[in-house]
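Based on the provided sequences and hints, a complete structural model is requested.
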Amino acid sequence: MTAKGPTVRLARTEEDRAACFAVRREVFVVEQGVPESVEYDAYDAGAVHVLAVGPDGTPLGTGRLLHGAAAEAKTGGAVGIGSLGRLAVLGSARGTGVGAALVRALEHEAARRGLTAVDLGAQVHALGFYEGLGYVAYGPEFEEAGIAHRAMRRTLDP
Numbered sequence: 400m401t402a403k404g405p406t407v408r409l410a411r412t413e414e415d416r417a418a419c420f421a422v423r424r425e426v427f428v429v430e431q432g433v434p435e436s437v438e439y440d441a442y443d444a445g446a447v448h449v450l451a452v453g454p455d456g457t458p459l460g461t462g463r464l465l466h467g468a469a470a471e472a473k474t475g476g477a478v479g480i481g482s483l484g485r486l487a488v489l490g491s492a493r494g495t496g497v498g499a500a501l502v503r504a505l506e507h508e509a510a511r512r513g514l515t516a517v518d519l520g521a522q523v524h525a526l527g528f529y530e531g532l533g534y535v536a537y538g539p540e541f542e543e544a545g546i547a548h549r550a551m552r553r554t555l556d557p
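Those letters in the sequence shown? Residues 400 to 557, by my numbering.
Calculated directly from the structure, the hints in this document are not laboratory data.
One or more hints might be untrue.
What the hints assert, rightly or not - Label-pair distances were calculated between CB atoms; the ranges are:
{"no.": "1", "residue 1": "Glu425", "residue 2": "Ala547", "range": "18 to 24 Å"}
{"no.": "2", "residue 1": "Arg411", "residue 2": "Ala547", "range": "33 to 39 Å"}
{"no.": "3", "residue 1": "Gly513", "residue 2": "Ala444", "range": "28 to 34 Å"}
{"no.": "4", "residue 1": "Gly490", "residue 2": "Leu532", "range": "36 to 42 Å"}
{"no.": "5", "residue 1": "Pro557", "residue 2": "Arg416", "range": "16 to 22 Å"}
{"no.": "6", "residue 1": "Tyr442", "residue 2": "Gly545", "range": "18 to 24 Å"}
{"no.": "7", "residue 1": "Ala472", "residue 2": "Val523", "range": "19 to 25 Å"}
{"no.": "8", "residue 1": "Ala444", "residue 2": "His524", "range": "27 to 33 Å"}
{"no.": "9", "residue 1": "Arg408", "residue 2": "Val523", "range": "27 to 33 Å"}
{"no.": "10", "residue 1": "Ala516", "residue 2": "Asp455", "range": "31 to 37 Å"}
{"no.": "11", "residue 1": "Ala468", "residue 2": "Ser491", "range": "32 to 38 Å"}
{"no.": "12", "residue 1": "Glu542", "residue 2": "Gly490", "range": "29 to 35 Å"}
{"no.": "13", "residue 1": "Ala417", "residue 2": "Pro454", "range": "16 to 22 Å"}
This one's a predicted model, so the numbers in the text were calculated from it and none came from an experiment.
Beta carbons are placed, not taken as given, at the ideal position from N, Cα and C, and that holds for glycine.
So, in structure tokens, the structure goes:
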């Protein structure tokens, strides 16, 4: 990793998307025990995926943004709000700024698409990470894939 941090890019190629899914598999399926049938869903096809890589091109992390009808389904019908999810950073890259860089890249893409806010379902242990990035928790704790979560939202800068 350079002093400036990871390179984060939109996953536009099949190779990049495969790298995103491999990172998600390592973090969610292998490490956290989420069933593959839950981890990969119908939203993946239309989502914006981002990939963080190190200076040698090694994948470090990923995330996705749902927008339009997919986001409305995830946010309870809220219009103009994106849904950030599947944020995954490999264990070796945690604490290095990769997660924050991924979130900011997804927010930038959401703003570029005219969205006014971004929602996410944060694993409870990660609440502090998202709060540090300006997200505010709302609503009760809920379970997803056997893991406790809280809904969070951040209004995007115009």
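Now the hints, each set against the structure:
{"no.": "1", "hint": "Glu425 <-> Ala547: 18 to 24 Å", "result": "holds (21 Å)"}
{"no.": "2", "hint": "Arg411 <-> Ala547: 33 to 39 Å", "result": "holds (34 Å)"}
{"no.": "3", "hint": "Gly513 <-> Ala444: 28 to 34 Å", "result": "violated (21 Å)"}
{"no.": "4", "hint": "Gly490 <-> Leu532: 36 to 42 Å", "result": "violated (20 Å)"}
{"no.": "5", "hint": "Pro557 <-> Arg416: 16 to 22 Å", "result": "violated (30 Å)"}
{"no.": "6", "hint": "Tyr442 <-> Gly545: 18 to 24 Å", "result": "holds (19 Å)"}
{"no.": "7", "hint": "Ala472 <-> Val523: 19 to 25 Å", "result": "holds (23 Å)"}
{"no.": "8", "hint": "Ala444 <-> His524: 27 to 33 Å", "result": "holds (29 Å)"}
{"no.": "9", "hint": "Arg408 <-> Val523: 27 to 33 Å", "result": "holds (30 Å)"}
{"no.": "10", "hint": "Ala516 <-> Asp455: 31 to 37 Å", "result": "holds (36 Å)"}
{"no.": "11", "hint": "Ala468 <-> Ser491: 32 to 38 Å", "result": "holds (36 Å)"}
{"no.": "12", "hint": "Glu542 <-> Gly490: 29 to 35 Å", "result": "violated (23 Å)"}
{"no.": "13", "hint": "Ala417 <-> Pro454: 16 to 22 Å", "result": "holds (20 Å)"}
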